[in-house]
Amino acid sequence: SQKIEQNSEALNIQEGKTATLTCNYTNYSPAYLQWYRQDPGRGPVFLLLIRENEKEKRKERLKVTFDTTLKQSLFHITASQPADSATYLCATHPPGYSGGGADGLTFGKGTHLIIQP
Amino acid sequence: GAVVSQHPSRVICKSGTSVKIECRSLDFQATTMFWYRQFPKKSLMLMATSNEGSKATYEQGVEKDKFLINHASLTLSTLTVTSAHPEDSSFYICSAGTSSSTDTQYFGPGTRLTVL
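Protein chains in written order, with the numbering used here: chain A, 1 to 117; chain B, 1 to 116.
Hints were generated in silico from the structure; no laboratory data involved.
Here a beta-carbon is modelled for each residue, glycine too, at the ideal position from N, C-alpha and C.
Any given hint could turn out to be false.
[As the list claims (entries may be wrong)] Derived CB-CB ranges, DEER-like:
| no. | chain 1 | residue 1 | chain 2 | residue 2 | range |
| --- | --- | --- | --- | --- | --- |
| 1 | B | D27 | A | S1 | 28 to 34 angstroms |
| 2 | B | N51 | A | K17 | 29 to 35 angstroms |
| 3 | B | P40 | A | R51 | 17 to 23 angstroms |
| 4 | A | A102 | B | L68 | 41 to 47 angstroms |
| 5 | A | R51 | B | D27 | 23 to 29 angstroms |
| 6 | A | R58 | B | E59 | 31 to 37 angstroms |
| 7 | A | A83 | B | D27 | 23 to 29 angstroms |
Required output: the full structure, derived from the provided sequences and hints.
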């Protein structure tokens, strides 16, 4: 099975700075990586999906990169705000990617991001 | 769009009883839904894939006789925890993908199960 590693359990960032979270994968090259936000006691909320043939993807203050050489995805939040404080999860599909939403996801442990005012 | 609901949000039950959790896709049809379990300060672990009109597919180590899954319609999947024990206490979350979601999954708000 795929191993997803999010090296930082917790990350403290000053408001207004850019927060950068790391996701590394082993065992096989995934067709995509996804990033989710999870608040305490709630289900994950989808943020961004980046495919193996995409280097970078953006959505408002969010940016995700995918480096297949380093087997790594970076997730950036620019101009961070206290409201961005949450746990961020990296996820991908199992081996034998089926596509079309037919794959259950393997998640990393998440990084708890704290944006300090 | 793409809203998934779960009911109940919290449930407390006695050891040995069974608990049913519902997962509904409110504004789309989902031929496939997924059930995850999350222990405190841990990540989500996929338990099973629920397929409309057919048997669920369980991940290794998940007891299919203990966690009964029924996907009777394109908008509803249920997870029944049978003969619950305290170690089954966890946060159970379902998800679904839309036909146009291209691999994106939409998660329900989760159900907190506490077995006394």
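How the hints compare with the structure:
| no. | hint | in the structure |
| --- | --- | --- |
| 1 | B:D27 to A:S1: 28 to 34 angstroms | holds, 32 angstroms |
| 2 | B:N51 to A:K17: 29 to 35 angstroms | violated, 45 angstroms |
| 3 | B:P40 to A:R51: 17 to 23 angstroms | violated, 33 angstroms |
| 4 | A:A102 to B:L68: 41 to 47 angstroms | violated, 22 angstroms |
| 5 | A:R51 to B:D27: 23 to 29 angstroms | holds, 26 angstroms |
| 6 | A:R58 to B:E59: 31 to 37 angstroms | holds, 34 angstroms |
| 7 | A:A83 to B:D27: 23 to 29 angstroms | holds, 26 angstroms |
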